[in-house]
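*Asks:* Protein chains in written order, with the numbering used here: chain A, 1 to 130; chain B, 1 to 229.
The set of hints was computed from the structure by calculation and includes no laboratory data.
Note that this is a predicted model, so its numbers are computed, not measured.
It is possible that part of the hints are untrue.
Estimated spans, in silico, between C-beta atoms of each pair [to be verified]:
| # | chain 1 | residue 1 | chain 2 | residue 2 | range |
| --- | --- | --- | --- | --- | --- |
| 1 | B | K121 | A | N6 | 40 to 46 Å |
| 2 | B | K26 | A | L88 | 36 to 42 Å |
| 3 | B | L59 | A | P35 | 33 to 39 Å |
| 4 | A | N69 | B | I35 | 44 to 50 Å |
| 5 | B | K64 | A | A95 | 42 to 48 Å |
| 6 | A | Y65 | B | E213 | 21 to 27 Å |
| 7 | B | H170 | A | T120 | 46 to 52 Å |
| 8 | A | K117 | B | N25 | 46 to 52 Å |
| 9 | B | E213 | A | T25 | 22 to 28 Å |
Think of the CB as a built atom: it goes at the ideal place given N, C-alpha and C, for glycine as much as any other residue.
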Amino acid sequence: MNVHFNKRDPVYVQVIRHFKEQIATGVFEPGQEIPSRRELAGRLKINPNTAQRAYKEMEEAGLIYTERNLPSRITKDEKVLRAVREELIDEAVDAFVHSIRSINVSADDVLDRVKEKFETDKDTRGYGND
Amino acid sequence: MIEVKDVKKKFGRKHVLKGVSFTANKGEITCVIGINGVGKTTILNTIMNLTPLNSGQILIDGEKINKHSYEKITFIPDAITMLPSMTIREAMQFMDDFYDSWNQERATELLGFFKLKETEKINNLSKGNRAKINLLLGLALDVDYLLMDEPFSGIDMFSREQIADVFTSHLVEDRGVIITTHEISDIEHLIDKSVLLDNGVVLKEFNTEDMRETEGKSIVDVMREVYQQ
Chain A
1 MNVHFNKRDP
11 VYVQVIRHFK
21 EQIATGVFEP
31 GQEIPSRREL
41 AGRLKINPNT
51 AQRAYKEMEE
61 AGLIYTERNL
71 PSRITKDEKV
81 LRAVREELID
91 EAVDAFVHSI
101 RSINVSADDV
111 LDRVKEKFET
121 DKDTRGYGND
Chain B
1 MIEVKDVKKK
11 FGRKHVLKGV
21 SFTANKGEIT
31 CVIGINGVGK
41 TTILNTIMNL
51 TPLNSGQILI
61 DGEKINKHSY
71 EKITFIPDAI
81 TMLPSMTIRE
91 AMQFMDDFYD
101 SWNQERATEL
111 LGFFKLKETE
121 KINNLSKGNR
131 AKINLLLGLA
141 LDVDYLLMDE
151 PFSGIDMFSR
161 EQIADVFTSH
171 LVEDRGVIIT
181 THEISDIEHL
191 IDKSVLLDNG
201 VVLKEFNTED
211 MRETEGKSIV
221 DVMREVYQQ
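Can you build the whole structure from these sequences, using the hints too?
*Replies:* As C-alpha cells, this is what we get:
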C-alpha cells in the first residue's frame with residue numbers, strides 16, 4: 001500500500017477513498033480481511049487516530065464490517081459494492097466533463113476519441129501483460 | 001491533558017512568553033509551530049518546570065508538576081544530554097537507574113527499529129543516529145506525555161522518515177505528544193493539533209483534520225494566513 005496524500009483534504013477521507021478504489025478495482029475482494037487499525041497506520045504512515053476515524057466512518061457507511069472480536073472485513077453486500085463503483089465512475093466522468101467542457105468540443109467528437117483511446121490503451125496494456 | 005494557562009515568562013527585560021495558553025490531549029500529537037526565537041523551547045521548559053514562570057499556571061492531568069510527575073512526563077531536548085563517552089548500553093543503564101518508568105523491552109525494540117547497536121559509543125555516532133538515540137532514551141520511558149524539541153532539525157531525510165514512522169506506531173500511540181518544529185512538512189499529515197506561536201503569543205490553535213474538512217486548508221495554508229497578515 002503506497003498512498004500519496006494531498007495536504008488539503010482530511011487524511012481520513014483520503015484513506016476511505018483509497019479503500020473505495022481498492023474495492024472498485026478488485027484489489028480488495030468482498031469479505032476479505034483488512035489490516036488492523038495499528039497495521040494500517042504503520043503501512044500508510046498515518047496517525048493511528050486517523051486510521052481509527054477512517055475505519056469508524058467506513059463501518060458506519062457499511063463498507064466494512066466487524067464480527068465480535070474478529071478482524072474487520074470488506075463488505076459482501078452487493079448493493080454497497082456496486083454503489084462504490086458507481087460513485088468512482090461518476091466522479092471520474094464529472095471531472096472529465098468539467099475539464100473538456102472548457103475546450104468547447106461536441107459530445108460526439110469527444111465520445112469517438114474516448115472510444116479510440118480505450119482501444120489503443122487496451123492494446124498497449126496487452127503488450128505490458130505479455 | 002496538559003493545560004498551559006496564560007503563561008508569562010521573561011528573561012531579564014525580554015518578554016519571551018506573553019501569556020501563552022493551549023491544551024494538549026493524551027492520545028494526540030500536538031505540534032507547536034513557530035520560527036526560531038518565538039519561545040517554543042521555553043514553553044517546553046516551563047511545562048517541565050525547568051525554568052520558573054513569572055505568572056500563569058500549567059496543569060498535567062489537573063495537577064501542578066511535582067517530583068512524581070517526572071515518571072509521567074518526559075522531555076526530549078534537541079540535543080542528547082548523555083556523556084559522549086558513554087556507550088548506548090551505558091546510557092540506557094543510566095536511564096534505568098534514574099527512572100522507575102524505564103522500559104528496557106521497548107528500548108531494545110527501538111534499537112532494532114533504528115538499526116543501532118548498543119555497544120556503540122555516543123561520541124562515535126553520526127548526528128542522525130545521535131538524534132535517534134536521544135529519541136529512544138525518551139520513548140522507552142513508560143510515560144503518558146512526551147515533549148520533543150525539534151526532533152527533525154539538521155537530520156538527513158531518511159533519518160527524518162524513520163523518526164516520523166515512530167509517530168505512526170504503537171511507540172507513541174495512546175500517549176500525549178507535544179512536538180515543536182519550524183518545519184512541518186515531515187509530519188504535516190501526522191499531527192492532530194497545531195498551535196501556531198509567534199512572538200510569545202498563540203496566534204491560532206486548531207485541529208488539523210477539522211481544518212481540512214471545514215475549510216479545505218492545509219497547515220501551511222493556515223500558517224500563511226496567520227503569519228503573513
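*Asks:* Look at each hint and say if it fits the structure.
*Replies:* Outcome of the hint check:
For the hinted restraint 40 to 46 Å between K121(B) and N6(A), the CB-CB distance of approximately 43 Å keeps it satisfied. At about 38 Å, the CB distance of K26(B) to L88(A) agrees with the hint of 36 to 42 Å. Between L59(B) and P35(A) the beta carbon distance is about 38 Å. The supplied range of 33 to 39 Å therefore holds. Range check, N69(A) to I35(B): Cβ separation about 48 Å, and the 44 to 50 Å hint holds.
For K64(B) and A95(A), the Cβ-Cβ distance of about 55 Å falls outside the hinted range of 42 to 48 Å, so the restraint is violated. Between Y65(A) and E213(B) the C-beta distance comes to about 25 Å, which sits within the given range of 21 to 27 Å. Under the hint 46 to 52 Å, the C-beta atoms of H170(B) and T120(A), about 49 Å apart, fit the expected range. For the pair K117(A) and N25(B), the beta carbons lie near 51 Å from each other, so the given range of 46 to 52 Å is met.
Here the CB-CB span from E213(B) to T25(A) is close to 26 Å, well matched to the stated 22 to 28 Å.
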